[in-house]
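> Chains as they are written, first to last, in the numbering used here: chain A, 50 to 477; chain B, 50 to 477.
Honestly, the hints are just simulated from the structure, not real lab data. Do not rely on the hints blindly, as some may be mistaken.
A pair holds if it fits inside one copy or across any two, identical chains being indistinguishable in the list.
[To be verified] Straight-line Cα separation of at most 20 Å, EDC-like style, residue types lysine to aspartate or glutamate; simulated pairs: (1) Lys268 / Glu80; (2) Lys391 / Glu277; (3) Lys173 / Asp121; (4) Lys413 / Asp102; (5) Lys203 / Glu275.
2 protein chains.
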Amino acid sequence: MPAPLRLGLAGLGTVGIGVVKIVHDHAALIEARTGRSVVITAVSARDRSKNRDADLSGFAWETDPVALAKRDDVDVFIEVMGGHEGPARLATEAAIASGKDVVTANKALLAHHGHALALAAEAKGRVIRFEAAVAGGIPVIKALTEGLAGNQIKRVMGVMNGTCNYILTRMQSAGLPYDQVFEEARQLGYLEADPNLDVGGIDAGHKLSLLAAIAFGTKVSFDAVELEGIGAISIDDINHAADMGYRIKLLGVAQMTGRGLEQRMTPCLVPADHPLGQLQGGTNMVVLEGDSVGQIVMRGPGAGMGPTASAVMGDVMDIARGVRLPTFGQPATTLASPIAAKVATPAPYYLRMTLLDKPGALAKIATAIGEAGISIDRMRQYGHQGIHAPVLIVTHKATRDDVNNAISRFAATGVLVGDPVAIRIEEV
Amino acid sequence: MPAPLRLGLAGLGTVGIGVVKIVHDHAALIEARTGRSVVITAVSARDRSKNRDADLSGFAWETDPVALAKRDDVDVFIEVMGGHEGPARLATEAAIASGKDVVTANKALLAHHGHALALAAEAKGRVIRFEAAVAGGIPVIKALTEGLAGNQIKRVMGVMNGTCNYILTRMQSAGLPYDQVFEEARQLGYLEADPNLDVGGIDAGHKLSLLAAIAFGTKVSFDAVELEGIGAISIDDINHAADMGYRIKLLGVAQMTGRGLEQRMTPCLVPADHPLGQLQGGTNMVVLEGDSVGQIVMRGPGAGMGPTASAVMGDVMDIARGVRLPTFGQPATTLASPIAAKVATPAPYYLRMTLLDKPGALAKIATAIGEAGISIDRMRQYGHQGIHAPVLIVTHKATRDDVNNAISRFAATGVLVGDPVAIRIEEV
Chain A
50 MPAPLRLGLA
60 GLGTVGIGVV
70 KIVHDHAALI
80 EARTGRSVVI
90 TAVSARDRSK
100 NRDADLSGFA
110 WETDPVALAK
120 RDDVDVFIEV
130 MGGHEGPARL
140 ATEAAIASGK
150 DVVTANKALL
160 AHHGHALALA
170 AEAKGRVIRF
180 EAAVAGGIPV
190 IKALTEGLAG
200 NQIKRVMGVM
210 NGTCNYILTR
220 MQSAGLPYDQ
230 VFEEARQLGY
240 LEADPNLDVG
250 GIDAGHKLSL
260 LAAIAFGTKV
270 SFDAVELEGI
280 GAISIDDINH
290 AADMGYRIKL
300 LGVAQMTGRG
310 LEQRMTPCLV
320 PADHPLGQLQ
330 GGTNMVVLEG
340 DSVGQIVMRG
350 PGAGMGPTAS
360 AVMGDVMDIA
370 RGVRLPTFGQ
380 PATTLASPIA
390 AKVATPAPYY
400 LRMTLLDKPG
410 ALAKIATAIG
420 EAGISIDRMR
430 QYGHQGIHAP
440 VLIVTHKATR
450 DDVNNAISRF
460 AATGVLVGDP
470 VAIRIEEV
Chain B
50 MPAPLRLGLA
60 GLGTVGIGVV
70 KIVHDHAALI
80 EARTGRSVVI
90 TAVSARDRSK
100 NRDADLSGFA
110 WETDPVALAK
120 RDDVDVFIEV
130 MGGHEGPARL
140 ATEAAIASGK
150 DVVTANKALL
160 AHHGHALALA
170 AEAKGRVIRF
180 EAAVAGGIPV
190 IKALTEGLAG
200 NQIKRVMGVM
210 NGTCNYILTR
220 MQSAGLPYDQ
230 VFEEARQLGY
240 LEADPNLDVG
250 GIDAGHKLSL
260 LAAIAFGTKV
270 SFDAVELEGI
280 GAISIDDINH
290 AADMGYRIKL
300 LGVAQMTGRG
310 LEQRMTPCLV
320 PADHPLGQLQ
330 GGTNMVVLEG
340 DSVGQIVMRG
350 PGAGMGPTAS
360 AVMGDVMDIA
370 RGVRLPTFGQ
380 PATTLASPIA
390 AKVATPAPYY
400 LRMTLLDKPG
410 ALAKIATAIG
420 EAGISIDRMR
430 QYGHQGIHAP
440 VLIVTHKATR
450 DDVNNAISRF
460 AATGVLVGDP
470 VAIRIEEV
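Working from the sequences, and respecting the hints, build out all of it.
So, in structure tokens, the structure goes:
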């Protein structure tokens with residue numbers, strides 16, 4: 050039997066302790082499945098005195114994760130600290146420079162520095178694995194990189210921030226406005242210290258950029274992800290979208306177009322009867338579309354001790370089994386520099402506006418839409434509320450530029466109250 | 050760059066031609082992702098003269114798949130012929146004996162001979178891969194064997210026969226009886242030559258037995274799968290189940306219990322709002338439950354040229370990349386001999402019966418159920434149809450034995466018309 054695989058674990062928060070538990074509780078199972086034992090030799094965290102729900106007495110302790118990363122008795126450096134600069138970055142770089150394999154749950158680090166880290170690791174013959182960085186316990190990196198490797202990937206989609214999906218589905222089920230549910234989520238501890246990482250779409254955008262790199266063989270380009278958070282989503286839009294058979298999701302979409310790589314993480318409408326529309330609460334979902342396989346949907350817990358530690362251990366056990374692949378599925382030196390394409394793939398749009406109760410108001414809006422080259426699929430005018438009438442329109446496929454053009458024409462009609470809302474309907 | 054990986058392809062039906070197309074169309078992509086070229090050197094099928102929608106002129110031809118399996122210019126033997134005896138078995142055995150790796154889509158072969166084949170392959174240092182054998186294009190074997198390797202698997206469930214799910218969902222959507230939809234499916238070419246492979250649950254049972262072997266580290270034991278087909282499912286039950294918030298699925302469930310390994314492929318009720326309940330048409334779904342990860346749901350096409358060839362190519366590309374794992378995730382010599390447990394895990398049950406319009410009829414039935422030790426969760430009596438009244442009951446958790454006991458007591462009540470129906474409700 051080969052020598053034990055020795056892990057150095059940097060970060061003893063929820064995920065780190067989850068890893069400690071699995072390595073301890075499932076030692077026999079891990080050995081049966083990998084043909085070797087897997088042991089933790091050393092750990093690192095800022096505060097040694099903190100009470101943690103695990104026996105750490107058998108592990109060497111390093112206060113500095115960089116020192117942990119360099120230890121001779123560590124084969125695999127596990128980074129579950131978080132943060133895309135500072136200790137996480139320095140320690141990961143040190144681990145690679147010291148010839149260690151790396152398993153990380155750090156989406157921000159890889160979204161910002163993934164390409165440089167992959168180049169460094171591959172130059173050293175080392176691997177970086179990051180299943181835990183995307184969609185928690187769902188083994189989607191593996192499915193995309195390996196299971197669907199024979200496909201040209203057409204599109205990758207995902208609801209990958211559980212907090213946003215919790216907020217949106219809770220708004221609908223309880224009929225509450227955004228601010229109130231946001232506050233609930235904060236009190237429940239669902240939000241990052243900087244809530245904009247969640248509700249601004251940044252965290253989910255990090256994840257999308259990693260999926261896109263694998264899917265399209267391109268360098269990670271998080272800066273090119275079009276980001277729009279959920280803060281502007283109103284309970285009215287959630288309810289009206291439901292009336293029209295849709296749900297609103299913070300949906301990530303990456304697809305290669307003739308103009309380049311589109312990456313967006315924005316609120317979208319999806320059909321209520323598609324698995325994406327049916328997704329409730331904090332659960333994550335990733336949709337992979339390949340030219341041969343068609344559409345694969347994967348659903349599961351996107352965060353938490355067990356699911357994230359499960360993903361970390363899947364990577365560790367691959368390394369124990371001798372599975373060694375390039376970080377993004379092909380050598381980092383061969384990844385293309387993507388042309389960042391402004392999102393221009395046509396889609397139906399949901400438009401909501403309030404009209405004054407004037408003769409011909411609706412006709413004027415319809416005319417403006419037609420003049421922008423957009424045709425209307427469905428239109429619904431609700432009963433007047435005082436002198437105002439809410440109107441919903443679902444268009445046929447149009448580009449965002451066309452939609453903006455139509456909206457700019459609305460002003461001249463003189464029948465509009467307030468600003469119209471336009472949300473893309475992703476065809477799934 | 051390493052030498053090309055040379056494939057010998059046995060079977061030129063839909064799936065085989067799908068593999069030919071991917072290898073041809075995606076040669077550059079495959080090389081970028083695996084670091085080597087992948088080529089087909091030789092093919093085999095019964096009828097060389099048959100017109101096939103692919104250029105086969107560059108490949109050597111063998112009429113006998115055993116001869117193909119033994120060729121010196123073949124590294125990987127791909128078996129997409131089907132059948133669990135005869136040429137498929139002989140050729141697979143010959144390939145292993147000749148030191149080839151094997152990629153197969155043949156669930157029947159592995160369900161019957163998987164353990165012996167795995168032992169033979171591992172003794173030779175060869176791998177057998179079978180992603181395409183279970184749930185078509187869904188990379189579930191990989192997710193279970195690798196992605197969730199750090200988990201003790203608690204339960205595996207799946208809707209893995211698209212024809213059955215098509216029939217059941219079509220019965221509901223069109224309000225048609227089983228026989229009529231079965232005939233439709235036959236005319237559409239959805240059914241195997243022996244339809245009992247589909248509607249009898251055998252094909253799906255084969256798949257379940259393979260998942261169970263990986264999940265629980267046990268020898269494949271298809272003979273221990275409790276099989277019950279969908280032929281007895283009536284449109285009445287589908288409609289009444291829907292009334293109670295359920296859908297009827299041919300659901301496979303494997304779980305390790307204190308009594309041994311339960312494996313069943315039987316009609317079950319599942320909640321209409323769970324992804325299993327929402328699954329329409331020929332799509333497949335597999336649910337994996339691990340102690341750390343919780344519940345992972347995977348959904349995708351379970352058959353067809355593209356999806357199945359995608360799965361075959363995922364396996365081929367793993368081999369090209371040097372990924373080499375035991376067939377069932379741990380060495381075949383270490384797989385346990387499972388104790389086949391009679392299904393006795395308690396579950397709620399759906400009961401449907403018709404009662405005579407007599408005073409106290411419902412009370413007598415309720416009493417009989419209570420005397421069998423079962424408590425009733427919900428009961429619904431419909432309006433009388435002549436002198437008969439349909440009654441639905443959803444019980445609290447009970448064993449099948451208890452349910453059978455209750456049913457045997459019904460006869461003595463003298464209020465029952467015909468035979469009651471009892472269907473397990475799987476808690477998901």
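> Evaluate each hint against the coordinates.
Hints, verified against the model:
no. : hint            : verdict
1   : Lys268 / Glu80  : between (36 Å within a copy, 18 Å between copies)
2   : Lys391 / Glu277 : within (14 Å within a copy, 54 Å between copies)
3   : Lys173 / Asp121 : within (16 Å within a copy, 35 Å between copies)
4   : Lys413 / Asp102 : neither (65 Å within a copy, 54 Å between copies)
5   : Lys203 / Glu275 : within (19 Å within a copy, 40 Å between copies)
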